[in-house]
Structures are given as C-alpha cells and as structure tokens.
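> Sequence:
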Amino acid sequence: MDQQIKEKELSISNTEEKYRQLIEQAGDAIVVYSIDGSIHEFNNMLCTVSGYSRDECKELKLQDILIGKLIENPSLYELMIKGETVTLYRQFKKKDNVFVDMEIRVKSIGDEKFLAFARDITERKKAELALKESFEVQKLIMDSALDAIVCIDINGSISFWNPVAEKIFGWSSSEVLGSTISETIIPVRYREMHSDGMKRYLQTGTAKILNRTIEITALNRKGEEFSIDLSIVSIQQSNKPFFCAFIRDISERKKAENELRKLKESYLALINNVDGIVWEADAKTFEFTFVSENAERLLGYPKEKWLEKPRFWADHIYKEDRGWAIDYCMKCTKEKISHDFEYRMIAADGRLVWLRDIVSVQVENDEPVKLSG
15 MDQQIKEKEL SISNTEEKYR QLIEQAGDAI VVYSIDGSIH EFNNMLCTVS GYSRDECKEL
75 KLQDILIGKL IENPSLYELM IKGETVTLYR QFKKKDNVFV DMEIRVKSIG DEKFLAFARD
135 ITERKKAELA LKESFEVQKL IMDSALDAIV CIDINGSISF WNPVAEKIFG WSSSEVLGST
195 ISETIIPVRY REMHSDGMKR YLQTGTAKIL NRTIEITALN RKGEEFSIDL SIVSIQQSNK
255 PFFCAFIRDI SERKKAENEL RKLKESYLAL INNVDGIVWE ADAKTFEFTF VSENAERLLG
315 YPKEKWLEKP RFWADHIYKE DRGWAIDYCM KCTKEKISHD FEYRMIAADG RLVWLRDIVS
375 VQVENDEPVK LSG
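For my numbering, count along the sequence shown from 1 and bump the result up by 14.
If you're looking for bench data, these hints aren't it; they were derived computationally from the structure.
Here the structure is a predicted model, which means the values were calculated and not measured.
Don't take each hint at face value.
The list that follows gives simulated cross-link-like pairs (lysine-lysine, DSS-like), each with its CA atoms no further than 27 angstroms apart [stated by the list, open to error]:
1) 139 - 96
2) 96 - 121
3) 109 - 75
Pairwise CB distance ranges, derived in the manner of DEER restraints [to be verified]:
4) 234 - 121: 52 to 60 angstroms
5) 267 - 187: 20 to 28 angstroms
6) 225 - 266: 24 to 32 angstroms
7) 206 - 121: 55 to 63 angstroms
8) 304 - 234: 37 to 45 angstroms
The C-beta atom is built at its ideal place from N, Cα and C for all residues, glycine as well.
Starting from the given sequences, assemble the full structure and let the hints guide the process.
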C-alpha cells in the first residue's frame, strides 16, 4: 500500500515537473498575482522581459514593472472577476528604465488571484507604426498627385478617391466611397466591357487594359462625358487584388488638337488653292517634307514621289540648270539667306516648265533648319 502511494506521489511529482518545464519554456511571461499586485509565481520569461534576475523578481510587486495603475479600467476588472479572459495593452518598465509594449491576457483563477500571459509586442508595435506612417506617406502622395486616382476592389466598389478625382468628376470622397465605379464614372456603353474585363481577370489573372495608357471618355456628376487618359494597375493586398486607376482630364488637350486639326485643314485648303507649288524641306538634307497638291497639276508627278525620293527635286531639274541651281540654293541656305531663283524642271510628260522658286530659310540657334517656298 505504501509502495502504491509512493508511486502515485512520484507520478504526480513527475507530471508537475513536466508542466513546470513547459511553463519555463513558454514564449510568454506567465505570472500569478493577487489583486494587491503581489507576485506568487512566474516563469523565466518575466525575468527576460523585465530585465530583473529571478531573485529580484521574487521581491517585486506587479506595480514595480507595470506603467500606470494596476486596474485602469474597472469594467474590464469586473469581466475578469466573472471568469472571462481580458486582453490588455500596457507597458512594462524594465530594470534599465526602458519601456516595452506588452499584450497581456488575464483571467481570474479564484482566491482573488489572477493568471496573466504577457507578450512583448514592442517590435510589432514599431512595425505597425512604420506601416501606418508608410500608409500615411503614400496617402499624402496620392492626395497630392496631379492626376485623379481612383481605387476599387474586385467587386468594383470604390475604396479610394483623391482630391483631383473630386475636382474633375464632381463627387466628394465621402459621396462615392463604397459605390461601384460603373454607377459613377463609366459611360453606359462601356459598362458591359468593364464587367467582362473584371470577370476575365478573375478567371485568368490577366487583362488587356492593365499597365498601359489609353484614351477613353468618363462621366462627371452632371452626366457629361469628357476625354481622359486612363492607366490602370493591379495591386495585391492580403492576397486579394484591387485596382488603382490614374486618370487625367484631357478635355482641353483634345479641344486644342481639334482646333489645330481645323487650322491645318484650313491651311491645306488655302495653299492647295495657291497658283503654284508650296513646299517644305529639311535645310541640312534638302529632303522634302511637304508638297502641295499643285505639284501634280503643274508637273504631273504624284506628290508622294517628292516625299519618298530624297533627290527627286534635284534629279528633275533640267540638266543645264541643275548644277548652278542646286549650288546656289545650298550656298544661300548655308549663309542663312532667303533667296529666289528661276530654273527649269522636267514634267512627267517631258515638257520643260519654268519655275520661280522663292525660298525662305528658317534659322534656330544660328543654324538653318527648314526651307519653305
């Protein structure tokens, strides 16, 4: 009988030792304490976290290392008394007066005692702060961007809308966040194409529109379409894709381009009605860059030949005039002198046609760059 009792006591002792070893090897500081802060039991991790030796820890009260009051939130204390586990975020002051951030989980174990598991989260807090600061910097950059920036999730819900987007589209950020992009800025005729593109991306992970710039139209708050440059990138966050669109209002540019096109059309109509050949050429190579329609009417050669063959003009000057005419034009061009001269060219039907060439020399940085006549 005595032998059986001894064996049971030994078994219990061995079990207790195993648990003690597990507690000592734990990655968290484990503390049993009373409501007055008296520490009854602790593991080696408390010594590591606090910087005190084991003998010194035996003399400590929890208040000696905990910053602030032992009970800062009475309502949480009430939950602990009821047996619930409560998570606290507090700071410990180490022996060397360095503060460390701690995550502490506390539970009542009866007899006015509490069991606490405390983990040093200083590095995690630093990482969270760095991430927060990084996000704030990124947001500041995006808010300061010259382009409108609109971000959406995979469902098309708007998650970011910078001040330039507010300006060009007319909605404030608070008005559009959570709305779908289709019901705000995508014209009706493009909505199905947008939906198909999102489905294709989910199936294949690719989309033709990504990572390039296209010209398209968008809708503003008034329902008016306007021209934009659109670039879209896909970004992975927490293994979920979201999309950021960089949008530039090019209405004024398109308006200027249309005005320029109209001016060019008017200019071409004007010069094609001039009773002569209007032309432009490179001042260094003498290659023609523009010839009016009258070139074909007067000489019979399609104007494309003037542009495709570098020596077309020189080769079609009558042989008796060719040498001096080319030399004279080159000499005046080199000296940056506008000039005029008369010579004969051979028409497509073999006729000799007398021409008076009035040449203007355009100069940039004291160098001749373009001839026109």
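> If a hint holds in the structure, say so; if it does not, say that too.
Hint by hint, here is what the structure shows:
| no. | hint | result |
| --- | --- | --- |
| 1 | 139 - 96 | violated, 30 angstroms |
| 2 | 96 - 121 | holds, 9 angstroms |
| 3 | 109 - 75 | holds, 13 angstroms |
| 4 | 234 - 121: 52 to 60 angstroms | holds, 58 angstroms |
| 5 | 267 - 187: 20 to 28 angstroms | holds, 26 angstroms |
| 6 | 225 - 266: 24 to 32 angstroms | holds, 26 angstroms |
| 7 | 206 - 121: 55 to 63 angstroms | holds, 57 angstroms |
| 8 | 304 - 234: 37 to 45 angstroms | holds, 40 angstroms |
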